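*Asks:* If you read the sequences in order, they're chains D and E. Using the working numbering, read the first sequence as starting at 1 and increasing by one per residue. Using the working numbering, read the second sequence as starting at 1 and increasing by one per residue.
If you're looking for bench data, these hints aren't it; they were derived computationally from the structure. Computed from a predicted structure; not experimentally measured. Glycine included, each C-beta is placed from N, C-alpha and C at the ideal position. Among these hints, one or two may not hold up.
Unchecked claim - Ranges of calculated distance between the beta carbons of each label pair, as one might list FRET restraints:
hint, chain 1, residue 1, chain 2, residue 2, range
1, D, ILE260, E, ASN184, 42 to 52 angstroms
2, D, ILE400, E, GLU121, 47 to 57 angstroms
3, D, ILE34, E, GLU121, 53 to 63 angstroms
4, D, PHE311, E, ARG91, 24 to 34 angstroms
5, E, ASP203, D, LEU20, 45 to 55 angstroms
6, D, LEU392, E, ARG91, 36 to 46 angstroms
7, D, ILE400, E, ASP107, 28 to 38 angstroms
8, D, MET262, E, ARG91, 26 to 36 angstroms
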Amino acid sequence: MKKFLLLLKKELRELLTPQLIVPFVIIMVIFSVIGKTAGKQIATQAAVVDQILVINHDNGELSKIALSQAGQVAKIEIAETSDDAKIVDEMSRRSISIGLIIPADFGENALLDTATTVQTYSLLQNFSLTGSKKTSTLSGVVNIINQSVSNSLIQLNSPDADPVKLKNPVAAIDFVSANGKVASGSAITVLSYISQQTSYVPIVLFIVIIFAAQMIATAVATEKENKTLETLLSLPVSRKVIVTAKMISAGLISLLMAGIYMYGLRGFIGGVTTAVPSAASAMSDGTSNIVKTLNLNFTTTGYVELGIILFLGILLALAIAMILGVFSEDAKSAQSVIAPLMVLVMIPYFATLMLDIGQLSPLLRNLLYAIPFTHIFLATPNIMLGNHLSILYGSIYLLILFILFVFIAAKIFSSDLILTMKLNFSKKR
Amino acid sequence: MANILEVKNLCKSYGKFDAVRGIDFSIAKSEIFALIGPNGAGKSTTLKMIASVLQPSSGSIVIDGVDAVKNPEEARTKISYLPEEAGAYKRLSGRGYLQFMAGLYTDDPSKQKEYIARAVEICGLGRRLDDKLGAYSKGMTRKVMLARALMSNPELAILDEATSGLDVINALEIRDIIKSFTKNGMSILVSSHNMLEIEYLSDRVAIIDQGKIIETGSTAELKKKHQAENLEVVFLKLKRHNVSSRT
Numbered sequence: 001m002k003k004f005l006l007l008l009k010k011e012l013r014e015l016l017t018p019q020l021i022v023p024f025v026i027i028m029v030i031f032s033v034i035g036k037t038a039g040k041q042i043a044t045q046a047a048v049v050d051q052i053l054v055i056n057h058d059n060g061e062l063s064k065i066a067l068s069q070a071g072q073v074a075k076i077e078i079a080e081t082s083d084d085a086k087i088v089d090e091m092s093r094r095s096i097s098i099g100l101i102i103p104a105d106f107g108e109n110a111l112l113d114t115a116t117t118v119q120t121y122s123l124l125q126n127f128s129l130t131g132s133k134k135t136s137t138l139s140g141v142v143n144i145i146n147q148s149v150s151n152s153l154i155q156l157n158s159p160d161a162d163p164v165k166l167k168n169p170v171a172a173i174d175f176v177s178a179n180g181k182v183a184s185g186s187a188i189t190v191l192s193y194i195s196q197q198t199s200y201v202p203i204v205l206f207i208v209i210i211f212a213a214q215m216i217a218t219a220v221a222t223e224k225e226n227k228t229l230e231t232l233l234s235l236p237v238s239r240k241v242i243v244t245a246k247m248i249s250a251g252l253i254s255l256l257m258a259g260i261y262m263y264g265l266r267g268f269i270g271g272v273t274t275a276v277p278s279a280a281s282a283m284s285d286g287t288s289n290i291v292k293t294l295n296l297n298f299t300t301t302g303y304v305e306l307g308i309i310l311f312l313g314i315l316l317a318l319a320i321a322m323i324l325g326v327f328s329e330d331a332k333s334a335q336s337v338i339a340p341l342m343v344l345v346m347i348p349y350f351a352t353l354m355l356d357i358g359q360l361s362p363l364l365r366n367l368l369y370a371i372p373f374t375h376i377f378l379a380t381p382n383i384m385l386g387n388h389l390s391i392l393y394g395s396i397y398l399l400i401l402f403i404l405f406v407f408i409a410a411k412i413f414s415s416d417l418i419l420t421m422k423l424n425f426s427k428k429r
Numbered sequence: 001m002a003n004i005l006e007v008k009n010l011c012k013s014y015g016k017f018d019a020v021r022g023i024d025f026s027i028a029k030s031e032i033f034a035l036i037g038p039n040g041a042g043k044s045t046t047l048k049m050i051a052s053v054l055q056p057s058s059g060s061i062v063i064d065g066v067d068a069v070k071n072p073e074e075a076r077t078k079i080s081y082l083p084e085e086a087g088a089y090k091r092l093s094g095r096g097y098l099q100f101m102a103g104l105y106t107d108d109p110s111k112q113k114e115y116i117a118r119a120v121e122i123c124g125l126g127r128r129l130d131d132k133l134g135a136y137s138k139g140m141t142r143k144v145m146l147a148r149a150l151m152s153n154p155e156l157a158i159l160d161e162a163t164s165g166l167d168v169i170n171a172l173e174i175r176d177i178i179k180s181f182t183k184n185g186m187s188i189l190v191s192s193h194n195m196l197e198i199e200y201l202s203d204r205v206a207i208i209d210q211g212k213i214i215e216t217g218s219t220a221e222l223k224k225k226h227q228a229e230n231l232e233v234v235f236l237k238l239k240r241h242n243v244s245s246r247t
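Excised from the complex, chain E in its bound form:
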């Protein structure tokens, strides 16, 4: 099966600082792939480059056969991106926001209706959807944002810290929503520094540290390989090994 995403030797520098230093990975269709690592590892920068919000300094990104570096506009038709800190247009209602976004995803009115219906189902906010976004709680806003990211059924959904700042119940709901969407053929690229959440959610994981991927594999494979109870321990062992091999 062809991969939905191919990333090769991806680099990003800000002046003298190398935020991403040659990343390679691929995502298959209907796969949930996670990028995990500590704060400042380069996860968000990598996701932003794939979402064509940032331009890579070098390397290639191919999304469903489209070179995202050379043809970012075409690539954006295949993806949907949920930033870590995604704000809302506070003067729009939740429903108004989803209608606005549906209109930007497609000109076809019947598809717009379909997207909005899907988004309303994902949100699960009922009548609160007609309230202004400015009146929403953080959890409600994040649900609307997630619904926006998934409503168009993209080939690849890129979700950066999808459950960031949410309470346990809301976080659980969102994880379940994310997991359910791969059944529709959607591939999902998530990032998180919450290893336990990723263990539950993802099919494969890449551990990133200081701009480089230091390990890739399924959760089970990594735990077995490094004789760890969970991904947190896997990461700590890899980090220690990384540090000692450099010294």
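Bound-form chain D, shown alone:
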């Protein structure tokens, strides 16, 4: 045990260099600060009421009422020009990104029950988040004009009628079910709430696994590069102890790096996204109560299950990376040697992010399940949906693979292969 702790301390010291930590911490702090600063700027910009440039060829009451109601979502600026062809020029000159042309026969066509059209113009000057807000404003204006005209027409024909009730005679009461429970509420808000709570989890898993693999492969390759490996192998220390110390130190460092990374990333994304108002992102007490009723929140058991499967996944990645690291002759080539492992992590990461695995063909689904890291990325939804058997089977699968790869790693470390194994693509003469 003492020798193991001594080796572990040495490995941690070798990996935890100022050259690694300091730039990383600085970048993450800057990341977080930029996020908060950008968030404030976005919030400021989002609070500004958008302007819309309007050419109104129709002087009737309908268009006037419609524009007055549209003023709730945008500041109406009447164009100086009456030439439709020059609206874009005036928008550009007056720095107004959205424009609207109401034709002369707008009111007349509406009263005759004939379809009438308005022209909308969007001036694309950037592709930012706040830039897209102006497009929503334009849609909002057109929607309000539509509602206003239809309400006016209804009142004209049926003065006693309530236009809102006439247009929406049917109201829906939403229910959502999960884990055998039913709660009153919208599925969209529940999904949005869960997405906000769990969107970081796959990113954390991805980062921890990649960092862990890089650390261990570098640890092995550095011993070769610095010519300390032969001395280490000749010491009265069990090879298993050497392997374990390297794996655990790499795992600990990767968890630390992941923690720092998540602090920075959370700060950046949190700063940027919470500044943009969105109906789906609003977290209400009601939504969290629905989630609790449906047992979709993470309990202690859920955290334990997630912790176990993540731990097994990291161990497996370490074992594979250790074997791959043996192929490299120095720390630089160690980064490229672990590329196959990175692919094995990235495929399930993106697949689980974008696809419903259950809807894939059996062949594709089984291929994905064969990749051990798929079970880690599926862990969060499985835990929330009470699929504990899937967690169990995934954990067992990871454990079996881990034991197999550690056995292989220990065999390599106990043999000549640790010294002689290398990738060599040069032609043999």
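Following the hints, complete the assembly by docking chain E onto the known chain D.
*Replies:* Same frame as chain D, but now just chain E:
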């Protein structure tokens, strides 16, 4: 007196290439035994097998009664190995490195202190021992490595090209250190392609060429037998004879 090392019919192959082709020799207690030969003769490979860094393809290695092929972990408690190109953990100080190594040799704190004290004496680096190994010169690093190899007073110290790359003064110092340790009962197996250094250092010599030992004996015996002034001439004569007997 029982031999500290018995090597019998030791072979090592890498695919079709036979690096070591049936080597037999033994080392007595307190003896300095040298393996000499040209580059690529199989010296380092032989030493690595004895140090259990490489596994023999066949043959036996018995160190102080322990079968090193079947029980490498137990055998490693009896030996200490200094590779030809031994690197250091650059972020450790010299003293930190020796403390780390002492901890790996023994769990007993009093023995660790003893080993470190011995190593500090061997190094002779004084206050420089508290500097990072990354700042050391080649000679200083090699002294620390040698101190590490000898500090635990092993039954058998295996030193591969102990003075490789060192200047004359440092090389002389290291040779004297090596010679002094046999008085403590330690046996030493050295390898070198520097015949003159070996002549000064060793009690017995085995000349190895192309994976086989072609001659064994004390320096005086070999020089007399082959009517040579020094071991270099002995080797050249043996090499010529080896070549002509094959053709």
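*Asks:* Look at each hint and say if it fits the structure.
*Replies:* Status of the hints after comparison with the structure:
no.	hint	verdict
1	D:ILE260 x E:ASN184: 42 to 52 angstroms	51 angstroms, holds
2	D:ILE400 x E:GLU121: 47 to 57 angstroms	52 angstroms, holds
3	D:ILE34 x E:GLU121: 53 to 63 angstroms	57 angstroms, holds
4	D:PHE311 x E:ARG91: 24 to 34 angstroms	29 angstroms, holds
5	E:ASP203 x D:LEU20: 45 to 55 angstroms	49 angstroms, holds
6	D:LEU392 x E:ARG91: 36 to 46 angstroms	43 angstroms, holds
7	D:ILE400 x E:ASP107: 28 to 38 angstroms	35 angstroms, holds
8	D:MET262 x E:ARG91: 26 to 36 angstroms	27 angstroms, holds
Violation of the numbered hints given earlier is absent; every hint is satisfied by the structure.
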